[in-house]
Each structure stands twice: as C-alpha cells, then as structure tokens.
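Q: Chains as they are written, first to last, in the numbering used here: chain A, 1 to 115; chain B, 1 to 114.
Hints are computed from structural coordinates only; laboratory data are not their basis.
Treat the hints loosely; a few may be bogus.
Claimed, not checked - Computed cross-link-like contacts, SDA-like style, restricted to lysine to any residue with a CA-CA straight-line distance of at most 25 Å: (1) K42(A) with E71(B); (2) K42(A) with G16(B); (3) K42(A) with E64(B); (4) K42(A) with Q45(B); (5) K69(B) with P79(B); (6) K58(B) with G98(A).
Said to hold, decoys possible - Incomplete in silico selection of chain B near chain A, CB under 7 Å: (7) Q42; (8) G43; (9) L46; (10) T106.
Just so you know, these numbers come straight off a predicted model, no measurement behind them.
The beta-carbon is built from N, C-alpha and C at its ideal position, and this holds for glycine as well.
The primary structure of each chain is shown beneath.
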Amino acid sequence: EPEVTQTPSHQVTQMGQEVILRCVPISNHLYFYWYRQILGQKVEFLVSFYNNEISEKSEIFDDQFSVERPDGSNFTLKIRSTKLEDSAMYFCASRASGVSQETQYFGPGTRLLVL
Amino acid sequence: AQSVTQLGSHVSVSEGALVLLRCNYSSSVPPYLFWYVQYPNQGLQLLLKYTSAATLVKGINGFEAEFKKSETSFHLTKPSAHMSDAAEYFCAVKDLRGNEKLTFGTGTRLTIIP
C-alpha cells in the first residue's frame, strides 16, 4: 500500500541553524501538507500546498518557514533559523484530488529537537 | 471557525469492554469528520471518516462512529477492547468551504487493562 515517507526520522540542531525536513508524498497525490505536534499538545496545521503554491497557511507559518516541491517527488519544509520552540514532531501529509478524496494520509513524522 | 473538543485526555477500559471516545465539533458549515489513531512512535493512521453519506461509519480494527448533527458529536466506539487498541486517538474536522486544513482535538490516550 502506498504511503507517505519522511526523512530524517529524528533531527537535532542548534538554535539559529537552518533545517530542511523532507517528505515523499504518495505518488498520484496533488495536495500536500505540513503539520506539527509539540510534545504533549495537539496536532496543528502549518501549511497546505497545491499546484506549486501555498493554498493556505496558519499563523504559525511565519517568514521563518518555507515549503518547496523541488522535483516531482519530494516536498520539503525549511525552517530558516530555528528557535527552541520549534522543537516538535513534524508530519507531512498528502491527498488525492477529485470527488470523495478528502482523506489526508500522514507520514511517520520527523522529530525535531532544537538545542 | 471550526474546532474539536475531545472529552477525557485519558481513558482506561478493561480488555473486552466497550470503548467510547468522545468528540464534539463546532463548525459553521457541514463538516467532514475524521478519527485518526497514533501508536507509540508512529504517525497518524486514519481509522474512519464521515463525509455526509451514512451517519454511522465503520472503520478499521472494529471501530465505528456515529455522526449526530443535533448533538454536534462524532463519538468513536468499539464493542470489545483489545490490548492492541492502546494508542492515542485524535478527532479532526475539516469544513466544506474549501479550506484545506484539518483541525484536531487534543487527543485521548486509551489504555487497556488486562
């Protein structure tokens, strides 16, 4: 069964450093998402991406964040200058287009720790 | 704005007993509703979803949920708990206005007592 994959599974970085989290969505999906889950808190929406542009973003997704689909398979989240409060589990998700294709399929996550 | 409330951050049931996890939503337009499960150190797996068809929805692993518009609820149930059901369960809502985001509840951690 096709699945969303994410790399790395864990990332430790120093405050102020740039990180890039990578995702490979399900191959025929056209909508892509990033969510995060701070330890002990709920899953929060960050951004959605369709047709090579951001379709929706939350207030969390400020200028320090960016997303890109650099090729036909990868979808990346870049945090330009990490803060301590960026420590969280980051989930990528994707969904197909079309009628009755509302389900977002999630990857296993990247646990980011900012020191 | 849409929101989800999950009553009970922790629920414990005995193996073989009924599982009931509560979810109430708020949405100004008819929503789509989802239950996801998160096993330790894993991602979110879809259990079931409501998308304005049948109000009683059956999902994987013997779970089901009933959409009740009058109560704005979408509670998750399973007649007989199994040890493997121990996990965190998240209810999520997506409205039909074209917004892409899922709004999640705070989650309920289900513990199964042998």
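Q: Against this structure, judge whether each hint is valid.
A: Against the structure, the hints come out as follows:
1. Proposed proximity of K42(A) and E71(B) is supported: the alpha carbons are some 23 Å apart, at most 25 Å.
2. The suggested pairing of K42(A) with G16(B) is violated, with an alpha-carbon distance near 29 Å, which exceeds 25 Å.
3. Distance hint between K42(A) and E64(B) is fulfilled; the C-alpha atoms sit about 22 Å from each other, no more than 25 Å.
4. With a C-alpha separation of about 15 Å, the suggested pairing of K42(A) with Q45(B) holds against the 25 Å cut-off.
5. Annotation: proposed proximity of K69(B) to P79(B) holds, straight-line Cα distance about 23 Å (limit 25 Å).
6. In summary, the hint linking K58(B) to G98(A) is supported, as the alpha carbons are separated by about 22 Å, within the 25 Å threshold.
7. For Q42(B), the suggested interface contact is upheld, since its CB lies about 6 Å from the closest CB of chain A, less than 7 Å.
8. Checking G43(B) against chain A by beta carbon gives a least distance of about 4 Å; that is within 7 Å, so the hint holds.
9. The beta carbon of L46(B) is positioned within 7 Å of a beta carbon in chain A (closest approach about 6 Å), and the interface hint is therefore held.
10. Below 7 Å, beta-carbon pairs count as interface contacts, and T106(B) has one with chain A at about 5 Å; its hint therefore holds.
The earlier numbered hint that this structure contradicts is number 2, and it is the only one.
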